[in-house]
Each structure stands twice: as C-alpha cells, then as structure tokens.
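Participant: Please work from the sequences and hints to get the whole structure.
Residue numbers (the working numbering): 6 to 461.
The set of hints was computed from the structure by calculation and includes no laboratory data. Hints are not guaranteed to be accurate.
Said to hold, decoys possible - Now the in silico label distances, taken between C-beta atoms and shown as ranges:
1. Glu83 - Trp159: 35 to 41 Å
2. Ala314 - Arg461: 53 to 59 Å
3. Asn54 - Glu83: 18 to 24 Å
4. Glu83 - Arg368: 57 to 63 Å
5. Gly304 - Lys91: 19 to 25 Å
6. Gly146 - Thr32: 18 to 24 Å
All of these numbers come straight from a predicted model, not from anything done at the bench. Virtual Cβ for every residue (Gly too), placed ideally from N, Cα, C.
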Amino acid sequence: MWLEPSSGIPINSDPGAATPQPAVVATVEPGSIGEELGFQAGDRLIAINGMRPRDLIDLQMLCGEEELLLEVEDPSGEIHRLELEKDADDGLGLGFTEALFDGLRQCNNHCPFCFIDQQPPGRRHSLYLKDDDYRLSFLYGSYLTLTNLTPADWQRIEAQRLSPLYVSVHATNPALRSRLLQNERAGLLLEQLAWFQERRLQIHAQVVVCPGINDGDALINSLNDLARFAGGDWPAVLSVAVVPVGLTRFRPDADGLLPVNLETALKTISAVEALHPNFKKRFGSPWAWLSDEWYLIAGLPLPARSSYADFPQQENGVGSIRAFLEDLDQATLNLPESLETPRQISWVVGRLVGEALLPVVKRLQNVRGLNLQLHALPSPYWGCDQVVTGLLTGSDLVSGLADLDLGELLLLPAVLLRQGEAVFLDDLSLEQVEQKLGLPICVVAGAAEVVAACLR
Numbered sequence: 006m007w008l009e010p011s012s013g014i015p016i017n018s019d020p021g022a023a024t025p026q027p028a029v030v031a032t033v034e035p036g037s038i039g040e041e042l043g044f045q046a047g048d049r050l051i052a053i054n055g056m057r058p059r060d061l062i063d064l065q066m067l068c069g070e071e072e073l074l075l076e077v078e079d080p081s082g083e084i085h086r087l088e089l090e091k092d093a094d095d096g097l098g099l100g101f102t103e104a105l106f107d108g109l110r111q112c113n114n115h116c117p118f119c120f121i122d123q124q125p126p127g128r129r130h131s132l133y134l135k136d137d138d139y140r141l142s143f144l145y146g147s148y149l150t151l152t153n154l155t156p157a158d159w160q161r162i163e164a165q166r167l168s169p170l171y172v173s174v175h176a177t178n179p180a181l182r183s184r185l186l187q188n189e190r191a192g193l194l195l196e197q198l199a200w201f202q203e204r205r206l207q208i209h210a211q212v213v214v215c216p217g218i219n220d221g222d223a224l225i226n227s228l229n230d231l232a233r234f235a236g237g238d239w240p241a242v243l244s245v246a247v248v249p250v251g252l253t254r255f256r257p258d259a260d261g262l263l264p265v266n267l268e269t270a271l272k273t274i275s276a277v278e279a280l281h282p283n284f285k286k287r288f289g290s291p292w293a294w295l296s297d298e299w300y301l302i303a304g305l306p307l308p309a310r311s312s313y314a315d316f317p318q319q320e321n322g323v324g325s326i327r328a329f330l331e332d333l334d335q336a337t338l339n340l341p342e343s344l345e346t347p348r349q350i351s352w353v354v355g356r357l358v359g360e361a362l363l364p365v366v367k368r369l370q371n372v373r374g375l376n377l378q379l380h381a382l383p384s385p386y387w388g389c390d391q392v393v394t395g396l397l398t399g400s401d402l403v404s405g406l407a408d409l410d411l412g413e414l415l416l417l418p419a420v421l422l423r424q425g426e427a428v429f430l431d432d433l434s435l436e437q438v439e440q441k442l443g444l445p446i447c448v449v450a451g452a453a454e455v456v457a458a459c460l461r
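Facilitator: Structure follows, in structure tokens:
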C-alpha cells in the first residue's frame, strides 16, 4: 500500500529521500493575507503545517485549512515560522515562479511526429523539455499520454480528484498506439479509460492524425472506441480534438510521415463530420471536433459558432479562429467614422489564417484615416508555407516583412512569444526584431486589443 500523504511530503521525512524544493514567491497580491504577513518576492515557502508541497496542487490544498503554520526562508536565509487563522476559502495571495517544486515529469515515448524533436539544436533549454506531467495537465490543460504514471501517481489522481486531465490518444488500437508512441505501455489506454470511468474522473482527448497511419478507418475506430466512455451522467471522455500532424524541415528523412494535404483534409473532414449526427443524438454536441486547420487547409468555411458548444478544445485550435472572429465582431460594433490623425498599421499572422481574417480587416479599413494592412506570412524557419500564427518565429518576421512599408506600428499576436517572455521560438528577442524591422511592435493578446491598438 502506498503511504505517501495526499498533499505533500512530511517535513521530518527521511532526510536521504528526495524532497521538493521550496516554493519561490514571485508576486504578492496587494491587500492579501500574504502582504499582511510581510511576504515579498524571493521568499521561499518551505512547508505548510509540517508538509512540503510538491506543486501548486498540494499548496492549494494545504492552504485550504483554516489554521496554518508556515515555514518560510527569506532571501537572506533566515527561517520564519508564521501562524495564522483564516477562512477556509481565503488564499494567501501569493504567486510562485514555478508550478512544480519537485521537477517536471518528462515524456518516455518516442513519437516520430513529436514537435520537440522537430526543432533545430542549440536553442534555449526549455524548448527541448518534453512535458508529460499529469499535474500540468490538470493545472493548465497540457496534454499527456499516461505512459509514465507510477502506482503512486494513479493513487494521487484518484485521492485529489485531479480531473479533467487532457490525454493524447492518437489511436485506441493497442498495437497501433504502441507503434505510434513507440512504447509498449501505450497499449494500455482502454484499460486506463475504464479506470477513469470507474472512479468518475474525466478527460479531454486529442488525436493527432498522421496520414497513412492513424487516419481513415483507424481514426473512425478510435473515435467510436472513445465514444464508449462518453455517455451517461458522468462521462469519462468529455470531448475529442482531431488535429493534423505538424511537420517541419528539421525532422528525420526516414520517419515515414506524410504532411496533411488538401485531399487528406477533405477526406478527414467528411469522415468525422459523418459521425456528428450520432454523437449529437447521444451526447448533445458534435463531441469530436476537427481543429480549425483542417478547414483552412481544405479551403472550406469554418463551422458556425453554434457547433462548438462551450469551446471545450479551444486551446487545441478547435474553434479558436471562430471565437476570435466573434470577439472581433463585438470589438468592431461601434467603430468611429474616422480617426483624428491618420495612421498606417501592419498586423502579422500566419499564412494559414490570413484569409479568414480579411472580412474584419476590411471592416476596420472602412474607418477613414486608418490604413491597416494584414500580412499573412509563411515560415521559412520551419519550412512550412501554410503555418498557424503561433509558429511564426522572429526570423520569419524579419525575412517576410523586411522590404515592406509597414507604417508606424506592427501588431504582433502574443501567441508568438512563449512562456511570458519577449522571446520567439527561434530565440530572437522582441527587441532584436524591432531593431531589424525599424519600427515599434505592439503585442496584442486578443481581438479587443487589436482594435484598440488600431484606433488609439
């Protein structure tokens, strides 16, 4: 029987055993309990009620107690023990530099389509970390494969009710999934889904489609297998995203993978949409959604807003463009007739999404004095002509925009910059790109910010 406590490691545990690092404070919310206690950035939270939290999940659960004893090390190395009483719902108002205090669980698979393996060497270390951590899946919706979980991990998922998780399925056939992930443990998926179902825990699933491998009948069989776990009052599989494989010029020549083309896109859309009437009848929604890329590659209109339910897979590119267009419609309802001072502004996006945005660009261009130019770029860096916006790099911007009249400002979608840093996927900094292009860049995080930047 696994005896580890459900919310951390006892501070007096075996000193030779691996223990989590303290949680380093990054921010303190004004007016919070943390501010009242004197917390400041750089403080290290060691333990709560004698327990060392392994991650933000443990920390949140430990902080749910009404009486707390905090052990804290300040930046000078002095240890403080703070006692407090609070309401169970009150948090400390602290932000931390990391979500995990005992290290990242990395992937033990060898998927030939892994994007991390399709990057050039020599970039920053974080780009090569293969996250397959169930805690980050619970906290942030990142996808995991379930192949690296220990018995203790399964027990913790059940004990702490870590649900929903986000699972990369790719195929439900045991032999095919093991082949795709190059891991024998990958064949246990259906047993693992039954485990979730028995415990009333839930997942969102994704299938990355590799033409000639897990498309066609294999894809339909996978969706129907997953649908066995989707019914009832407490479905184990809440939704499925069907996503096209992404391939770059840095991948091995002999990996056997084929890119998704127009023909594949049309066939996949037809096959998956043919299942929707049955799924709608059984589950009340299409349930298995195709990501926006399929429709853009096929040159077909995006589905209507009503077909996406509550956008359960938006972060996976399912309905993200439709949602953005909807937000743009709202943000442009009350445009002024003209600007007091004429402006010329450029907006850069990936080539794959450019055409979908043209109607809104034309609407903004109707404002007298506003000259907004949309530049939909390919990615020479990745070797991709049709690319989504989030994969554009700094060098793509420099090569694609260098000889153009960009006006006075360049609008840059925030999705191009990773992990809250002003750095592109190719390690060029925002400042370097600004210098090379010779104009200021305004980072925009959503539709309202795009419109506001145009009208300012």
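Participant: Run every hint past the structure and note whether it holds.
Facilitator: Evaluated hints:
1. With their beta carbons about 40 Å apart, Glu83 and Trp159 fall inside the hinted range of 35 to 41 Å.
2. Between Ala314 and Arg461 the Cβ separation comes to about 35 Å, which falls outside the hinted range of 53 to 59 Å.
3. At roughly 21 Å, the beta carbons of Asn54 and Glu83 sit within the given window of 18 to 24 Å.
4. In this structure the hint that Glu83 and Arg368 lie 57 to 63 Å apart at CB holds, the actual value being about 59 Å.
5. The hint said 19 to 25 Å for the Cβ distance between Gly304 and Lys91, and at roughly 57 Å that hint is violated.
6. The given range of 18 to 24 Å is respected by Gly146 and Thr32, whose C-beta atoms sit roughly 22 Å from each other.
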